[in-house]
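A.B. asks: Protein chains in written order, with this note's numbering: chain A, 1 to 176; chain B, 1 to 440.
Keep in mind that the hints were calculated from the coordinates and are not lab data. Since the structure is predicted, the reported quantities are computational estimates derived from the model, not experimental observations. Idealized CB from N, CA, C, for every residue including glycine. Treat the hints with caution; some may be incorrect.
Stated by the list, open to error - Some chain A residues close to chain B (C-beta under 7 Å, calculated; not the full set):
1. Gly14
2. Thr35
3. Ala45
4. Pro50
5. Val56
6. Leu80
7. Leu81
8. Arg126
Said to hold, decoys possible - Non-contacting residues of chain A with respect to chain B, defined by C-beta distances greater than 12 Å in every case (computed):
9. Arg6
10. Ser18
11. Thr40
12. Leu42
13. Ala69
14. Val114
15. Ala121
16. Arg160
17. Asp161
18. Glu169
19. Arg171
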Amino acid sequence: MTGNERSRVISVFGDVASYVAALRRLQEAGLRDLTTYSPTGLAAAWRFLPRQGSPVRFVTLMAALTGAALGFWMCIGSALLYGLMVGGKWPVSWLPYCVIGFELTILIGGLATVAAMFALARLSPRSPREAYDPRVQVDKFAIAVHCDTEQLAAVDQLLRDAGAEEVREQRAFDDD
Amino acid sequence: MSEVALGDYNRDVLRAFLTKPSRAYWIAVGGLLLMIVWGAFCWGYQISRGMGVAGIAHPVGWGVYIVNFVFWIGIGHAGTLISAILYLFRARWRPAVYRSAEAMTVFAVMTAGLFPLIHLGRVWVFWFILPYPNQRHLWPNFKSPLVWDVVAVTTYLAISIIFWYSGMIPDLAAARDSATGRRRRVYQWLAMGWTGEHDQWRHYLRGYMCLAALATPLVISVHSVVSFDFAMSLLPGWHTTIFAPYFVAGAIHSGLAMVILLLIPARSLLNLKHIIQVRHLEQAALLMILTGAILGYAYAIEPFLAWYSGDVFERQFSAWRAFGPYAWAYWGTIVCNVAAPAFFGFRWARTRLLPLFVISLLVIVGMWLERFVIIVDSLAHDFIPHNWGLYHPTWVEISITTAALCWFLFWFFLYSKHLPFVSIAESKESRLEEAVEAAL
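One chain only, chain A, in its complex shape:
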């Protein structure tokens, strides 16, 4: 066994009201090391969770700006390869290049958004971890609270009081 020895309490809720009540109580008790599972995102309940935002949008913005720059660079660079004045006009035409610049803004921005989303959410073709309960894809909500072993009984009681249908403990597992 490597790393810190930690225990975990896994609770399953049948309705969203008790799930939210449990999150509120856990926040009040100062228990912040938890993993929640739900059938949808439930952004309204994020206020009780330690991590709320995501840097995905910054990746999108940076990639979109890079795409725009790439589009204009490609158009202008290819025009300047043959810098001949035809009809008294400069070979670089800004207006038509806006179309290419715009499309590459969207393309690079979109591809980078998906890549960032997959990387940050750690999505990869693998089996779900052991704490995963398939019922959370249907109509159940789950909270896994990571705590010290001596806190197990208190956390167990807190979750049951909030309305958990099931509570089970995992003592001294490898914290991944």
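Fit chain B to the given chain A structure using the hints.
C.D. replies: For chain B alone, coordinates are given in the frame of chain A:
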């Protein structure tokens, strides 16, 4: 939709595609495949014999292949409208229909993408238009609308695919948990280890929002760029500033009609009537009243501007379009695209399946005719009388056009029995968000 329990979404949507397809389904797929093979044969025949086997000839160099290209790109627009724009506006009726509309977009753009290749003749040199670094420093002309078109359509296809797939990930996880055997392994791979953890949801929802924000201007831009193929030229009937909004409105109009046409049989065949309800189709029909009205304005303003401009070429062309040999297509366009969807103003027409289906079918026909009128009429009747001529599609063009429709339906049939037809996660979202707000 409040009568549907949360678990019922999983049970019914998963049952629709995890159960073994019937023999009738495979017969239909086989029939479509047969037509695709026939279309491929016709394309091969055209390649081996030359473009002379198609009806396109001077002065009409762009025939039904380009008509089909514009038509199918347009069909794809409703999917992105419903999935991206209505997502940003939080439209409540969106979750029931957006997944199939997105699938329709992907397959429609795949279909549209074939036609420039078919029209090209020497298809093996298609890569000449792609920008890639090369030793001779030869690049495509980035000032050409045809190059804009390639970039715009490629971007649209790429963004549509990733938007469609991203939206499906939570539902693929539900499919992974319910499927068995080989299908389970496939869904496990596609679900990318999705568990519904908070850390996954927060990155996922932010990313999905960003994709929607990127796709929204894209849907406006793509058909605008397609319209520039025509509007940047000097031909009467093409050289007009109204084309971009006119094309976008028409694209959404035809896309919404196709959504209704596909969903009416699909909701029955997949036993999803309680999830995809008539009121969802009604919302699409209401949107079509708006897009039909925009088209009606465009159809009216074109001859008005021809008259008001005092331009003799525009005036003669406008009169020829309305009363010349292709007048049937011109008036058919107006009847199908403006008059028919106006009936959706009556409640009975948008809440009963038969009028919904018939009017949507008329709109599809009307939108194809509109593209025929725009493309063929202008080329057939330009500035110089001795340059005028008529165009008639040959059996090769008609076969390839029919096969393209079968190609589109083939992919949609496969999708309907192999991937979640309705978004399970998002169907639950609005109800659960309301419950969270109530609990706070």
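A.B. asks: Hints first: check each against the structure and report whether it holds.
C.D. replies: Hints, one by one, checked against the model:
For the restraint placing glycine 14(A) at the interface with chain B, the shortest Cβ-Cβ distance is roughly 10 Å, beyond the 7 Å limit, so the hint is violated. Checking threonine 35(A) against chain B: minimum C-beta separation of about 6 Å stays under 7 Å; hint holds. Checking alanine 45(A) against chain B: minimum C-beta separation of about 5 Å stays under 7 Å; hint holds. Among the interface hints, the one on proline 50(A) is violated; its C-beta lies about 9 Å from the nearest C-beta in chain B, farther than the 7 Å criterion.
About 4 Å separates the beta-carbon of valine 56(A) from the nearest beta-carbon of chain B, less than 7 Å, and the hint is met. For leucine 80(A), the interface hint is violated, the least distance from its beta-carbon to any beta-carbon of chain B being 11 Å, above 7 Å. Here the hint on leucine 81(A) is kept, as its CB sits about 5 Å from the closest CB of chain B, short of 7 Å. Of the supplied interface hints, the one on arginine 126(A) holds, with its beta-carbon coming within about 4 Å of a beta-carbon of chain B, less than 7 Å.
Distance to chain B confirms arginine 6(A) as a non-interface residue, since its nearest Cβ pair spans about 17 Å, more than 12 Å. Consistency note on serine 18(A): stated as away from chain B, yet its beta-carbon is not over 12 Å from all of that chain's, at 8 Å minimum. Not every C-beta of chain B lies more than 12 Å from that of threonine 40(A), the closest at about 4 Å, which undercuts listing it as non-interface. A cut-off of 12 Å between C-beta atoms contradicts the statement that leucine 42(A) is not in contact with chain B; the least separation is 6 Å.
No Cβ of chain B approaches the Cβ of alanine 69(A) within 12 Å, the least distance being about 15 Å, so the stated non-interface status holds. Here valine 114(A) does not stay apart from chain B, with its beta-carbon only about 5 Å from theirs, under the 12 Å limit. Distance check for alanine 121(A) against chain B: the nearest CB is about 4 Å away, which does not clear 12 Å, and the non-interface claim fails. For arginine 160(A), the shortest C-beta to C-beta distance to chain B comes to about 18 Å, beyond the 12 Å cut-off, and the non-interface label holds.
Look at aspartate 161(A): its CB is around 15 Å from the nearest CB on chain B, clear of 12 Å, so calling it non-interface holds up. The claim that glutamate 169(A) lies off the interface holds: its Cβ sits roughly 20 Å from the closest Cβ of chain B, which is beyond the 12 Å cut-off. Every Cβ of chain B is farther than 12 Å from the Cβ of arginine 171(A); the closest lies at roughly 22 Å, confirming the non-interface assignment.
Checked against the numbered hints given earlier, the structure breaks hints 1, 4, 6, 10, 11, 12, 14, 15 and satisfies all the rest.
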